[in-house]
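Colleague: Using the sequences and the accompanying hints, generate a full structural model.
Chains A and B, in that order, give the protein sequences. In terms of our numbering, the first sequence opens at residue 1 and continues consecutively. In terms of our numbering, the second sequence opens at residue 1 and continues consecutively.
In short, the hints are calculated from the structure, not lab data. Incorrect hints may appear among the rest.
[To be verified] The calculated label-pair distances, taken between Cβ atoms and stated as ranges, are:
hint, chain 1, residue 1, chain 2, residue 2, range
1, B, ASP187, A, LYS31, 53 to 59 Å
2, B, MET149, A, TYR82, 49 to 55 Å
3, B, ALA156, A, LEU177, 41 to 47 Å
4, B, GLU109, A, GLN30, 39 to 45 Å
5, A, LEU271, B, ALA228, 50 to 56 Å
6, A, PHE154, B, ALA156, 34 to 40 Å
7, B, PRO150, A, GLU129, 15 to 21 Å
8, B, MET134, A, PHE92, 54 to 60 Å
9, B, SER212, A, LEU270, 58 to 64 Å
10, B, ARG230, A, ILE218, 51 to 57 Å
11, B, ARG230, A, SER214, 46 to 52 Å
12, A, GLN30, B, GLN95, 19 to 25 Å
13, B, ILE15, A, PHE239, 42 to 48 Å
All residues carry an ideal CB built from backbone N, CA and C; glycine is no exception.
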Amino acid sequence: MIIETEATFSQPLYSDERETSEQNEIVFHQKSQKMLAWEDIRDGLLRWRIWLLLSYQDIRLRYQRSTLGPFWITLSMAITVYSMGYLYSHLFKMNMHDYFPYLVAGMLGWSLVSTTATELVETFTQSSELIRQIKLPYTLYIHKVIMRNFIIFFHNILVIVPILILFRGTSAWNIHLLLLLPGLLLIYANAFCYGIVLSMIGARYRDISQVIKSLIQIAFFLTPVMWIPDILPPDKRFFALINPVYALIEMVRAPMLGNLPTASNVAMSLLATLVGIALSYYLFTRRRARIIYWI
Amino acid sequence: MAQINLRSVSVEFPIYNLSGRSFKKAVLHRTTGGTISRDAQEKVIIKALNDISIDFHHGERIGLIGHNGSGKSTLLRLLAKIYEPNTGQLHIEGQISPLLDISLGVEAELTGYENIYSRGILLGLSRKQIKNQMHEIAELTCLGDYLSMPVRTYSAGMKIRLAFAVSTSIKPDILLIDEVFGAGDADFMEKAKNRMVSLLDQSSIVIMATHSDDLITEFCTKALIMDAGRIKYFGSTEEALSIYHGKTLST
Numbered sequence: 001m002i003i004e005t006e007a008t009f010s011q012p013l014y015s016d017e018r019e020t021s022e023q024n025e026i027v028f029h030q031k032s033q034k035m036l037a038w039e040d041i042r043d044g045l046l047r048w049r050i051w052l053l054l055s056y057q058d059i060r061l062r063y064q065r066s067t068l069g070p071f072w073i074t075l076s077m078a079i080t081v082y083s084m085g086y087l088y089s090h091l092f093k094m095n096m097h098d099y100f101p102y103l104v105a106g107m108l109g110w111s112l113v114s115t116t117a118t119e120l121v122e123t124f125t126q127s128s129e130l131i132r133q134i135k136l137p138y139t140l141y142i143h144k145v146i147m148r149n150f151i152i153f154f155h156n157i158l159v160i161v162p163i164l165i166l167f168r169g170t171s172a173w174n175i176h177l178l179l180l181l182p183g184l185l186l187i188y189a190n191a192f193c194y195g196i197v198l199s200m201i202g203a204r205y206r207d208i209s210q211v212i213k214s215l216i217q218i219a220f221f222l223t224p225v226m227w228i229p230d231i232l233p234p235d236k237r238f239f240a241l242i243n244p245v246y247a248l249i250e251m252v253r254a255p256m257l258g259n260l261p262t263a264s265n266v267a268m269s270l271l272a273t274l275v276g277i278a279l280s281y282y283l284f285t286r287r288r289a290r291i292i293y294w295i
Numbered sequence: 001m002a003q004i005n006l007r008s009v010s011v012e013f014p015i016y017n018l019s020g021r022s023f024k025k026a027v028l029h030r031t032t033g034g035t036i037s038r039d040a041q042e043k044v045i046i047k048a049l050n051d052i053s054i055d056f057h058h059g060e061r062i063g064l065i066g067h068n069g070s071g072k073s074t075l076l077r078l079l080a081k082i083y084e085p086n087t088g089q090l091h092i093e094g095q096i097s098p099l100l101d102i103s104l105g106v107e108a109e110l111t112g113y114e115n116i117y118s119r120g121i122l123l124g125l126s127r128k129q130i131k132n133q134m135h136e137i138a139e140l141t142c143l144g145d146y147l148s149m150p151v152r153t154y155s156a157g158m159k160i161r162l163a164f165a166v167s168t169s170i171k172p173d174i175l176l177i178d179e180v181f182g183a184g185d186a187d188f189m190e191k192a193k194n195r196m197v198s199l200l201d202q203s204s205i206v207i208m209a210t211h212s213d214d215l216i217t218e219f220c221t222k223a224l225i226m227d228a229g230r231i232k233y234f235g236s237t238e239e240a241l242s243i244y245h246g247k248t249l250s251t
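Modeller: Below you can see the structure in the form of structure tokens.
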């Protein structure tokens with residue numbers, strides 16, 4: 001484990017006779033680590049221009065010389081969820097009219113949450129070139145990764161449009177759809193807090209990204225993405241309700257299906273945010289200055 | 001007025017070996033009472049900068065001399081605020097523009113114009129400021145129609161022209177340069193020199209790490225010799241070069 005060398009700031013020992021007149025003018029402002037951490041978060045937000053550009057560029061570069069461009073994301077998502085929806089509605093013997101939109105909306109939420117989490121672990125290692133060459137807030141890179149995944153989500157979201165029209169008609173479009181916005185904001189807030197934690201751990205311990213990847217694979221089966229919590233026996237349903245990933249996915253799935261997220265889902269998401277804030281605060285104020293030495 | 005003051009600043013690097021980076025080892029270390037993987041704790045620390053106290057003032061052009069690994073780049077990164085000092089105090093007044101790596105933010109697939117734009121954004125310019133300066137920057141690069149081509153078609157020298165033009169376009173108070181002129185041709189060197197002189201007129205400090213004696217005698221007003229993370233000499237360029245070469249000859 002690293003031993004934090006708390007900066008022990010000595011008094012300015014300045015005894016240069018040549019420039020005594022200047023001696024008094026120099027003021028060394030010492031900022032606490034807490035202060036610097038806050039400034040990092042604030043500047044990260046203020047420099048939205050940079051992370052927006054970088055995340056957009058990431059996507060552009062990935063699909064630079066393809067005809068469909070970023071809509072390849074949409075296409076591959078469409079093929080995955082449509083075939084899954086068809087297969088599983090038969091497998092689970094579910095009513096396709098209910099199950100198909102449920103699965104598609106759930107997969108959209110799941111792919112947003114899971115790929116964001118996976119990519120956040122590698123935030124600093126992937127941007128190491130930039131971090132070593134120019135001083136930018138560390139949180140800027142976290143915003144970049146999250147925003148990149150949100151842009152992909154907004155491409156993917158097209159996938160659900162034909163499904164809703166086909167299975168729900170126009171009745172699915174109601175006022176609850178607007179709740180998608182606060183839902184996404186809540187996911188963003190969670191991604192940011194846990195992003196600080198994941199990216200720092202991922203920079204310090206390189207094998208953690210493998211651990212996270214397998215955890216996410218397990219989470220896919222434990223979370224009601226393909227299955228509906230109602231099929232659990234009533235005394236086992238708490239198992240889904242205490243799952244924060246389920247709560248977060250519901251933040252986007254429920255509005256897309258024209259429903260309200262349940263109070264327990266909202267509460268669970270907010271609880272996850274609070275835990276995330278506490279964890280990220282703990283790590284970021286203590287270890288922020290070390291990140292550059294880890295990458 | 002740009003100004004830089006350092007008081008007994010030290011920068012230490014922890015060097016993590018492969019096992020020091022392993023989460024598994026760190027966990028094992030906890031659970032096994034530290035007998036199995038003691039190497040997770042064994043960390044080498046390199047003192048890259050050791051007790052540096054120095055002042056740079058308005059209008060100074062500093063040449064940074066030293067052997068590989070003497071701490072030149074670390075010093076530049078410290079001044080660029082990339083590294084935070086472990087101990088000591090650092091005071092920097094003025095806007096800093098680092099030119100530490102020519103490949104900064106240069107995407108090979110994007111065109112020259114697009115790269116000027118993204119680099120400008122990275123350096124903190126607004127969309128409008130870049131638009132206003134685009135012509136001037138394009139002129140300085142001398143790349144002409146190449147600017148509409150993807151950067152992967154550029155030669156190394158052309159990339160430097162591009163990077164230099166954008167990096168100096170933000171009129172920084174403090175310009176930090178690390179060994180980037182190697183590949184520029186004579187015509188570009190002339191332009192770059194004029195640009196640097198004009199930047200200086202706008203109250204700036206230039207700190208430049210280089211192995212070229214000519215650059216130092218031509219550009220710099222002062223020279224700083226680094227040796228093993230310490231300041232060996234800080235003063236006139238002639239004196240510095242003779243000390244530096246005297247040492248290399250004798251060893």
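Colleague: Is 19 to 25 Å a correct range for the gap between the Cβ atoms of GLN30/A and GLN95/B?
Modeller: Taking Cβ atoms as reference, GLN30/A and GLN95/B lie about 21 Å apart, which means the hint holds.
Colleague: Quick check on a hinted range of 58 to 64 Å for SER212/B and LEU270/A, using CB atoms only.
Modeller: At roughly 60 Å between Cβ atoms, LEU270/A and SER212/B fall inside 58 to 64 Å, so the hint holds.
Colleague: Given a hinted range of 53 to 59 Å, is it respected by the beta-carbon distance of ASP187/B and LYS31/A?
Modeller: The hinted range 53 to 59 Å is violated for ASP187/B and LYS31/A, with Cβ atoms some 45 Å apart.
Colleague: Confirm or reject the claim that LEU271/A and ALA228/B have a C-beta distance inside 50 to 56 Å.
Modeller: Holds, since LEU271/A and ALA228/B (Cβ atoms, about 53 Å apart) stay within the stated range.
Colleague: Is the distance from the Cβ of PRO150/B to the Cβ of GLU129/A consistent with 15 to 21 Å?
Modeller: holds, 19 Å
Colleague: Using the Cβ atoms, figure out if GLU109/B sits within 39 to 45 Å of GLN30/A.
Modeller: holds, 44 Å
Colleague: Has the hinted range 54 to 60 Å been met by the Cβ atoms of MET134/B and PHE92/A?
Modeller: holds, 58 Å
Colleague: Against the range 46 to 52 Å, how does the distance between the Cβ atoms of ARG230/B and SER214/A compare: consistent or not?
Modeller: holds, 48 Å
Colleague: Is it true that the C-beta distance of ARG230/B to ILE218/A lies inside 51 to 57 Å, as the hint says?
Modeller: holds, 53 Å
Colleague: Range hint 41 to 47 Å: satisfied by the CB atoms of ALA156/B and LEU177/A?
Modeller: violated, 53 Å
Colleague: Does the Cβ-Cβ separation between MET149/B and TYR82/A fall within 49 to 55 Å?
Modeller: This hint is violated: roughly 41 Å between Cβ atoms.
Colleague: Taking 34 to 40 Å as the stated bounds, is the beta-carbon spacing between PHE154/A and ALA156/B within them?
Modeller: holds, 38 Å
The earlier numbered hints that this structure contradicts are 1, 2 and 3.
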